[in-house]
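Student: So the protein sequences, as listed, match chains V and L.
Going by our numbering, the first sequence opens with residue 142, and the numbers climb by one from there.
Going by our numbering, the second sequence opens with residue 142, and the numbers climb by one from there.
Where hints are given, some of them may not hold.
All copies of an identical chain are treated as equivalent in the list; a pair is satisfied when it fits inside any one copy or across any two copies.
Said to hold, decoys possible - No more than 20 Å apart at the CA atoms, straight line, and that leaves these computed lysine to any residue pairs for SDA-like:
| id | residue 1 | residue 2 |
| --- | --- | --- |
| 1 | K501 | T472 |
| 2 | K206 | P253 |
| 3 | K206 | A379 |
| 4 | K154 | E494 |
Because the hints were derived from the structure by calculation, they are not lab data.
Only a predicted model underlies this, so the values are computations on that prediction, with no experimental measurement involved.
Protein chains: 2
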Amino acid sequence: MAHRFIVIIAGGKGERFWPQSRAAKPKHLLSVVGAKPLLVQTIDRVKPMVPAKNIFVITSAVQEKAVRTVCKGIPAANIIAEPMGRDTAVAVGLAAALVAARDPQGVFAVLPADHVIHDSKAYAGDLQAAFAAAEAAPVMVTIGIQPTEPATGFGYIQRGEKWKLCNRRQVFRVKRFVEKPKQDVAEGYLASGDYLWNAGMFVWSVSVVETALMRHAPALNVGLTAIRAALAKKRPLAGVLKKIYPKLEKISVDYALLEKATNVVVLPSSFDWDDVGAWPAVCKHLKPDAAGNVARGLSIVEQGVGNLVFADGKHLVTILGVDDLIVVHTTDATLVCPKSRAQDIKVLIKRVEALKGGSKWM
Amino acid sequence: MAHRFIVIIAGGKGERFWPQSRAAKPKHLLSVVGAKPLLVQTIDRVKPMVPAKNIFVITSAVQEKAVRTVCKGIPAANIIAEPMGRDTAVAVGLAAALVAARDPQGVFAVLPADHVIHDSKAYAGDLQAAFAAAEAAPVMVTIGIQPTEPATGFGYIQRGEKWKLCNRRQVFRVKRFVEKPKQDVAEGYLASGDYLWNAGMFVWSVSVVETALMRHAPALNVGLTAIRAALAKKRPLAGVLKKIYPKLEKISVDYALLEKATNVVVLPSSFDWDDVGAWPAVCKHLKPDAAGNVARGLSIVEQGVGNLVFADGKHLVTILGVDDLIVVHTTDATLVCPKSRAQDIKVLIKRVEALKGGSKWM
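Whenever a hint applies, use it, and build me the whole structure from the sequences.
Tutor: And the structure:
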């Protein structure tokens, strides 16, 4: 029987949780929710399903050191640093090559490192069912998240007719992938019941991915040849990645493969899920005080409701007479921003970057 | 001719500018306005008027070290630390004793250490006129500040009939002192043109103060005997102050002497004046950016107007999408508070004090 593998994609720019997050310390390395970094939480969730030697982590050069530090129990050779971000199609191609070198018949899940999922049991059940689906037929299995609101920040997957029962779970054919919709369109999606959020969770066999690469992304497929050769000869990857990566097209796996393929199926999720896209999302996961304030670290909120305070070390953050504000303190920088404006943080970060010596805050 | 002396009262609890101000570092030791601490600015203003040996600074034990550090040029023996705060009547009694030991015929000004006055020339002229008044007759001379708004945070002095011209400046008899008024009353005071703010600036001779103490505050006068004796014998004051102070009544000089005296005159001020009572008052004295934001230290305000940022050292404070907010950062604490709520900082400080180990932020 084919072996199962898990490939965790741990990338990101570290902007949305600035100043806690930095280029070298993006969301998946933060403990914004729970006591452990989100990457470690992700590994902890999948560890019961496959042996540690079958878990890979793909990260970026700038984050490699911190990722290796937190990924205790994962073999060092299974942590791969991309020399530069080349989006998810390339990462999936690299993942397929890594798995193929271990087991050409292998089946693997690609999972983001920075989502919050509390119900590990339901998550494990869904993932097992998705593996079963990928083992039952040459399909690309996506795990679609049951939407809970008309979100405009995610892509959607429209499910089609019933495909198969896998582990007693109904899997559907995929009718189409759609990009982030406008508000009214998203409301229609939610009402129809046919649409699921695309959370970048995929399960498939090496051969299915390789076939898709050959058919839909031939240039990328050729580009991967040198990587496959290095893996076959058990040579270290760093050198070849550095040589090959700059030439590869930066494109998402959705756009490069999934939207073009006809053998895509979707398993609607049964677990809770949150991508904690920005600071305000953190509030949902922490226990509020009586006035609905949420805090990590040393803080006092006097005459204020709905605030979020994140403080480092022994620094005391105090808030007086203000509501729904985000205050994040780190040793070298502070952010003060209403919850309603957290999405604009990229504009602010551009100004920080432009400061003299601004890179030290990046 | 009698010598002139200046006694600067440098006390305060250090609450209103928390977390920059602390018990050991109150407003007069901060450079909230201008490059130098307010106490040093006060000394700089009076230095041209009297020799340094005739300038005294009365401070508190907890502030003594910091006061001595900034008061360069003032003889060490002229800096006196009260072992505990006993309000202004006691401080004025101590001041009179200090001056009397140098010159029993001496005339002295009592001045607060923590006011902002930009027009040093007008200030010097007013002070010289007040000295002339105190030298012309046995009166208590107050310098009353011309009110610019119906403030409810100050006591007022109602002027009566014309008294004398001193240095070509009209001095008035004082009709009465009134406590901090309500808003509508304050508006009436402002409209009448007869009322001046009581800023705690007094000029008088040793004998006038001693006579008033004997008449209106006999217990305090007796309490001061031991201090006068120590000064006469040129013994160090620390021991006797420690022994006497706990027994002295805590009372303001306004209440103990001025409100009861009938020989009080007032010189309406001709200089600009601000007691910078709390963080929002700082804004008036710093140069705002195009959006009306005022900052000291490293900061970025993105999409916000009317904010005040005070940051220490190399820490970067960033504000995104919020208006009229005060953000103060120090190494160990941060304050975030709307300008409109700055008056409530005492409530917040009580909560900080109540924290485990809270005294380290005091």
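Student: With reference to the structure, classify each hint as holding or not holding.
Tutor: Hint-by-hint comparison with the structure:
Taking the shortest alpha-carbon separations for K501 and T472, both the intra-copy value of 12 Å and the inter-copy value of 18 Å come in at or below 20 Å. Taking the shortest Cα distances, K206 and P253 sit within 20 Å of each other inside one copy (19 Å), while across copies they are farther apart (57 Å). Taking the closest pair of Cα atoms, K206 and A379 come within 20 Å of each other only inside a single copy of the chain (14 Å); across copies the shortest separation is 59 Å, beyond that limit. In this homomeric assembly, K154 and E494 come within 20 Å of each other (Cα to Cα) only inside a single copy, at 13 Å, whereas the closest approach across copies is 40 Å.
When each numbered hint is compared with the structure, no violation occurs for any of them.
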